[in-house]
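With the hints as your guide, set chains B and C onto chain A.
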Amino acid sequence: MATRNPEEELLDSNVQVIDPGPDSILGPGHNYGTVSDRISGVVYLPWKNTPKKWMLGAFIAFCFVNLLMLAVGLLFFKGTGIWGLNIPVAWGFAIINFVWWIGIGHAGTLISAVLFLLKQDWRTSINRFSEAMTLFAVACAGMFPILHLGRPWLAYWLFPYPNSMWLWPQPRSPLEWDVFAVSTYGTVSLVFWYVGLLPDLATMRDHAPKLWVRKIYGVMALGWRGSAIHWHRYQKAYLLLAGLATPLVLSVHTIVSFDFAISIIPGWHTTIFPPYFVAGAIYSGFAMVLTLIIPLRSWYKMQDLITMRHIEAASKLMLGTGLIVAYGYSMEAFFSWYSGDKYESFMYWNRVTGPYGFTYGLLILCNILIPQALWVRKVRMNLVLVWLISIVVNIGMWLERFVIVVTSLHRDFLPSSWGIYVPTKWDWATYAGTLGFFMLLIFLFVRLLPAISIFEVREVVHHEKQLEAVHD
Amino acid sequence: MTETTLSELPGIHGAMAEFDSPEALIEACEQAYAHGYRRMDAFAPMPVDGLAEAIGFKRNNVAKAVLIGGICGVSGGFGLLYWITGVAYPLNVGGRPTFSWPSFIPITFECMILLSALTALVSMLAMNGLPKPYHPVFNVPQFTAKASRDGFFLVIESSDPKFGRAETLEFLSEIGGMEATLVPA
Amino acid sequence: MSNPHRGITIPVAPERLSSKATGIERVSGVVGSLALILCVAGFFGNRPAFFQSYLFAFIYWAGFSLGGLGVLLMHHTVGGRWGVTIRRLLEAQMRTLPLIAVLLLPILFFGLAQIYPWARPDEVAREPILQHKQGYLNVPFFIARAVVYFVIWLFWGLRVCKMADRQDETGDPSLVNRMRAFSAPGVLVFVLTATFAYIDWVLSSDTQFFSTIYGAMLLIGDVLQTFALAIIVLVLVSGKDGFQGRVNSKVLHDLGNLMFAFVIFWTYLSASQLIIVWPANLPQELQWYQVRVHLFWKYVTLAIALSMFVLPFLLLLSQGRKRNPVRLMRVAIFILCARVIDLFWIVEPTFRRNGFALYWTDFAAFIGIGGLWIYVYIGQLRRRPLLPLQDARIAPAIPEAVV
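As they're listed, the protein sequences go chains A, B and C. If you're matching positions, the first sequence starts at 1015 in the numbering used here and goes up one per residue. If you're matching positions, the second sequence starts at 214 in the numbering used here and goes up one per residue. If you're matching positions, the third sequence starts at -19 in the numbering used here and goes up one per residue.
Source of the hints: derived by calculation from the structure; they are not laboratory data. On a predicted model such as this, the values are computed, not experimentally measured, just so you know. Among the hints, a few may not be true.
[Claimed, not checked] Taking beta-carbon pairs under 10 Å as the criterion, some of the chain C residues facing chain B (in silico):
{"no.": "1", "residue": "Val58"}
{"no.": "2", "residue": "Ala251"}
{"no.": "3", "residue": "Leu254"}
{"no.": "4", "residue": "Trp258"}
{"no.": "5", "residue": "Pro259"}
{"no.": "6", "residue": "Asn261"}
[Said to hold, decoys possible] Taking lysine-lysine pairs in the DSS-like style, the calculated list, with each CA pair at most 25 Å apart, reads:
{"no.": "7", "chain 1": "C", "residue 1": "Lys230", "chain 2": "A", "residue 2": "Lys1250"}
{"no.": "8", "chain 1": "A", "residue 1": "Lys1315", "chain 2": "A", "residue 2": "Lys1392"}
{"no.": "9", "chain 1": "B", "residue 1": "Lys345", "chain 2": "B", "residue 2": "Lys271"}
{"no.": "10", "chain 1": "A", "residue 1": "Lys1133", "chain 2": "B", "residue 2": "Lys277"}
{"no.": "11", "chain 1": "A", "residue 1": "Lys1330", "chain 2": "A", "residue 2": "Lys1315"}
{"no.": "12", "chain 1": "B", "residue 1": "Lys345", "chain 2": "A", "residue 2": "Lys1224"}
{"no.": "13", "chain 1": "A", "residue 1": "Lys1439", "chain 2": "A", "residue 2": "Lys1133"}
{"no.": "14", "chain 1": "C", "residue 1": "Lys278", "chain 2": "A", "residue 2": "Lys1133"}
{"no.": "15", "chain 1": "A", "residue 1": "Lys1479", "chain 2": "A", "residue 2": "Lys1133"}
{"no.": "16", "chain 1": "A", "residue 1": "Lys1092", "chain 2": "A", "residue 2": "Lys1439"}
{"no.": "17", "chain 1": "A", "residue 1": "Lys1229", "chain 2": "B", "residue 2": "Lys271"}
{"no.": "18", "chain 1": "B", "residue 1": "Lys271", "chain 2": "A", "residue 2": "Lys1224"}
{"no.": "19", "chain 1": "A", "residue 1": "Lys1250", "chain 2": "B", "residue 2": "Lys375"}
{"no.": "20", "chain 1": "C", "residue 1": "Lys278", "chain 2": "B", "residue 2": "Lys271"}
{"no.": "21", "chain 1": "B", "residue 1": "Lys345", "chain 2": "B", "residue 2": "Lys277"}
{"no.": "22", "chain 1": "B", "residue 1": "Lys345", "chain 2": "A", "residue 2": "Lys1229"}
{"no.": "23", "chain 1": "B", "residue 1": "Lys359", "chain 2": "B", "residue 2": "Lys345"}
{"no.": "24", "chain 1": "B", "residue 1": "Lys277", "chain 2": "C", "residue 2": "Lys230"}
{"no.": "25", "chain 1": "B", "residue 1": "Lys271", "chain 2": "A", "residue 2": "Lys1250"}
{"no.": "26", "chain 1": "C", "residue 1": "Lys230", "chain 2": "A", "residue 2": "Lys1479"}
{"no.": "27", "chain 1": "B", "residue 1": "Lys345", "chain 2": "A", "residue 2": "Lys1133"}
{"no.": "28", "chain 1": "A", "residue 1": "Lys1479", "chain 2": "B", "residue 2": "Lys359"}
{"no.": "29", "chain 1": "A", "residue 1": "Lys1066", "chain 2": "A", "residue 2": "Lys1224"}
{"no.": "30", "chain 1": "A", "residue 1": "Lys1315", "chain 2": "A", "residue 2": "Lys1062"}
[Claimed, not checked] Listing some non-contacts, in silico: residues in chain A with all C-beta distances to chain C over 12 Å:
{"no.": "31", "residue": "Thr1064"}
{"no.": "32", "residue": "Val1086"}
{"no.": "33", "residue": "Pro1183"}
{"no.": "34", "residue": "Lys1229"}
{"no.": "35", "residue": "Val1292"}
{"no.": "36", "residue": "Gly1354"}
Where a beta carbon is used, it is the ideal one built from N, C-alpha and C, also for glycine.
Bound conformation, chain A alone:
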């Protein structure tokens, strides 16, 4: 084990952290009490004892948030002209980043809702974290289309409400579908996250060392007291929410893909887009989960709660969804020729060999070739390699959206309208700013709220006790 400074000693003063390996989802020797103390202890830690890495990370993220403020402030002042957008590429970074962020959010919902419905108990240690990730990613995603509006302060015009001009949004447009999809997704993710958090907030309230902390958690816990009847309704509501969140997450990225596919732009108008976008979203989401959780579990000494089992399962799911994405690419490539449509074939040829050809090559490398290393168990068991691959996939999925948005648009139907898109420094600043915003929220979340669902880990403890009883 690496050398530890005194603060980190405090973090787990009396607990020996053991990763039980790829076959178990919980380290040995835990009971109902110890899991509660371990998880809530991270939050109760006095500020001066916060890990130094947390402080540094949060500070860097905060700097990027300031950059975001600057970029957005300038945008409000001068307009979208500060971005590299122009006809024919009128969508650029705003939509690339929007799709990228919202895709990252999807794995969070998938981990908590779908794996819950499939009774995969390994989700327990990472579902809370993934839900938080969803929420923050949706916050970043939602920012982009609004900033892209030109007059972002009139964003409420997107909603159908009775107004003095008696004008209504156009519900036959996929852009209006987006308004409903993303706002529903944000709301339902928040509800799902909060409902999952409720019993743990009660735990936090009951054991907080300071009165004011107790009061804050007390207000958020709504007076939860763990009554059996409450639990019964609670579980029903949670199950239903999971059942609703699952089709929701599929529908959201489907609708995002409709933004492209409903049009008749070659490269956008293709029927495989809905399932392939959904798979890509989950792919990038799992990559982001791994990118975040591998360092965090070691900083907070959580190896006995987030074990190699979790890492391996997430790696396998990443590999599987990546292959679905590869299936999408191959269908696109084959049908661009099979269709016999000259615009379609030109689009594909230009995508591979045109001015942005290198992005397509990189995309294939990052999204399809490199992740194949995950077939090897030794790679999946190597934290550094998994972490690196997850970053490669994040980059690859960003490139995918770049390729879809830019290469399809920059060669319009008429050669006289062809153009080249180059992002400006403000494009990059806004993007980097949202990364910082996202990271800051993640840092604050693991500091202020239980990052692992305490009551669900208690259920795992209970389950293992029952199994032991059967074996005895």
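For chains B and C alone, kept in the frame of chain A given last:
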């Protein structure tokens, strides 16, 4: 100790005892139910299968509420779109009919999910009587210390017709409850 | 934990299938052969009509074989108690692939020009788009591809079944991992080959239409078919007398949920294609839908929306129905019938553009191929015990020890 508590407390919420495992709590609940107690509540730091049933809970109406919410979402959403495109603001877009039902599917679906999810949250909280910042059980120190950590509690309420301060406390101890105590209202 | 699980009893080794199954096997063999003999008359009578009917019947029954292989490989890859329970049924479905290969021969030898515009030289000379596709859609390459598909499918399917047989004999626990390692890439190869098989066999019968979701749409339908068939057979072999026993109702519930999920998945893919094609309004795509809402076809379209989505969706929402063997089986039978209409609607309107039509060969070919398929399927089912009892993962599916 028990004697003084019995005489000192003017109004009480009920009698409480702690059990050392979920299984013990379920068994105690079943015994209390068999003994004729009806107004009681069990507390656990995590959901325990069969616990609510053991204290006689039968009807969970959350799913019904959510179904109603979902139906409202579908009809409201579709109705809204029909009304916008067909009645309030008919607009010819590339010759497509004003009643373009395939284009209405996505938003209708989202409205259904949104209303169902909000109904799930609100109905669960409302049926549970939450938010409720004050509740008598929090008056018991061992409850606050353990109920949300590793304690399993049974409370028999004083409104139960069979409730008697001394008898109920004795009954709770008999069925294996630890530290049976009265809960001040 | 203590109360016995309500469930269904599955006969295990050495009982295997009952004599009743042998009866069904014989009857279907005889009926199938008679219907096929009748088809020969159709072949000489009205050849285009015969091949249209034959293609539809072929695609429907091949769906079970392909779906069986796909779900089998998927099960070995991801595990799950539902998969161990129905593995033998899936294996038997997979083992009908040689029959499917033989049944493709009439199309390859006599039917290409009847079915596919690209195999008719005069039409190719007229249509530039067919000339464009000549590099892919030509007779020798088409046949070569069909051979490759079957070789790949049989290789993967038989190999994985062989390992399963070895597991039955030796009970070697390491085989679970080896089957997984072998099946995981198999899923990938299977999905790609099956997609191209459907592009070849069905999509290419339409001169212009193309859709990138097409292969996935047909494959997911096959998976749905497979789960429906598995549920029916599972309930039938379990017998109606004892509902307490060896396969607990949770497995049935799992299978019901899976069927439910694939009803939704099928709808999702089909609706996505419609939502993308309809507003874009491009002629080469939209004509595919136009013939399918032309005259009486539109009622068939409506019937599919109701029978493949609305009804099964509403029926399968109920938890009770998914735990009740007989009621769940009824839904599964309904879905299999709905799938007949669905595939008829996928295959036939391309040929019957002037409006809905039914030929007697539609029935004869369907019954003929179906009879033979069921005959081979039951024959395969009879050869092995119905549960892989040596697989450790069977434990959660059977509450008490059986052996």
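For each hint, the structure was consulted:
At about 26 Å, the closest approach between the beta carbon of valine 58/C and any beta carbon in chain B exceeds 10 Å, and the interface hint on this residue is violated. With a least beta-carbon distance of about 7 Å to chain B, the hint placing alanine 251/C at the interface is held under the 10 Å criterion. Checking leucine 254/C against chain B by beta carbon gives a least distance of about 6 Å; that is within 10 Å, so the hint holds. At its closest, the beta carbon of tryptophan 258/C sits 5 Å from a beta carbon of chain B; the interface hint therefore holds under the 10 Å criterion.
Hint status for proline 259/C: holds, given a least beta-carbon distance of 6 Å to chain B, under 10 Å. For the restraint placing asparagine 261/C at the interface with chain B, the shortest Cβ-Cβ distance is roughly 7 Å, inside the 10 Å limit, so the hint holds. Taken as a hint, the lysine 230/C and lysine 1250/A pair is honoured in the structure, with Cα atoms around 18 Å apart against an allowance of 25 Å. Distance restraint check for lysine 1315/A and lysine 1392/A: the Cα-Cα separation of roughly 23 Å lies within the 25 Å cut-off, and the hinted pair is therefore satisfied.
Taken as a hint, the lysine 345/B and lysine 271/B pair is honoured in the structure, with Cα atoms around 23 Å apart against an allowance of 25 Å. As the CA atoms of lysine 1133/A and lysine 277/B are separated by approximately 23 Å, the hinted pair is consistent with the 25 Å bound. Between the alpha carbons of lysine 1330/A and lysine 1315/A the distance comes to roughly 24 Å, so the proposed pair stays at or under 25 Å and holds. Our distance criterion of 25 Å between C-alpha atoms is met by lysine 345/B and lysine 1224/A, whose separation comes to about 21 Å.
For the hint linking lysine 1439/A to lysine 1133/A, the alpha-carbon distance of about 46 Å lies beyond 25 Å, and the restraint is violated. The suggested pairing of lysine 278/C with lysine 1133/A is violated, with an alpha-carbon distance near 41 Å, which exceeds 25 Å. Taking the CA atoms of lysine 1479/A and lysine 1133/A, the gap is about 18 Å. The hint holds against a cut of 25 Å. Taking the CA atoms of lysine 1092/A and lysine 1439/A, the gap is near 15 Å; set against the 25 Å cutoff, the hint holds.
In summary, the hint linking lysine 1229/A to lysine 271/B is not supported, as the alpha carbons are separated by about 34 Å, beyond the 25 Å threshold. With a C-alpha separation of about 40 Å, the suggested pairing of lysine 271/B with lysine 1224/A is violated against the 25 Å cut-off. Taking the CA atoms of lysine 1250/A and lysine 375/B, the gap is near 31 Å; set against the 25 Å cutoff, the hint is violated. At most 25 Å may separate the alpha-carbon atoms for a hinted pair to count; lysine 278/C and lysine 271/B exceed this at roughly 47 Å.
Among the hinted pairs, lysine 345/B with lysine 277/B is consistent with the structure: their alpha-carbon atoms are about 24 Å apart, no more than 25 Å. For the given pair, lysine 345/B sits about 14 Å from lysine 1229/A by alpha-carbon distance, which is consistent with the 25 Å threshold. Straight-line distance between C-alpha atoms of lysine 359/B and lysine 345/B comes to about 19 Å, which keeps the hinted pair within the 25 Å bound. Of the supplied pair hints, the one linking lysine 277/B and lysine 230/C holds, its CA atoms being roughly 24 Å apart against a limit of 25 Å.
The straight-line distance between the Cα atoms of lysine 271/B and lysine 1250/A is roughly 13 Å, inside the 25 Å bound, and the hint therefore holds. Annotation: proposed proximity of lysine 230/C to lysine 1479/A holds, straight-line Cα distance about 22 Å (limit 25 Å). Our distance criterion of 25 Å between C-alpha atoms is broken by lysine 345/B and lysine 1133/A, whose separation comes to about 32 Å. Distance hint between lysine 1479/A and lysine 359/B is fulfilled; the C-alpha atoms sit about 19 Å from each other, no more than 25 Å.
Between lysine 1066/A and lysine 1224/A, the direct Cα distance comes to roughly 23 Å. Compliance with the 25 Å bound is thereby established for this hinted pair. Between lysine 1315/A and lysine 1062/A the alpha-carbon distance is near 18 Å, which keeps this suggested pair within the 25 Å criterion. Every beta carbon of chain C lies more than 12 Å from that of threonine 1064/A, the smallest distance being close to 40 Å; the non-interface claim holds. The Cβ of valine 1086/A sits about 33 Å from the closest Cβ of chain C, beyond the 12 Å cut-off, so the non-interface label holds.
With a minimum CB-CB distance of about 16 Å to chain C, proline 1183/A clears the 12 Å threshold, and the non-interface call stands. The Cβ of lysine 1229/A sits about 41 Å from the closest Cβ of chain C, beyond the 12 Å cut-off, so the non-interface label holds. Valine 1292/A, annotated as away from the interface, has a beta carbon of chain C within 12 Å; the closest lies near 9 Å. Non-interface call for glycine 1354/A relative to chain C: violated, since the shortest CB-CB distance, roughly 4 Å, does not exceed 12 Å.
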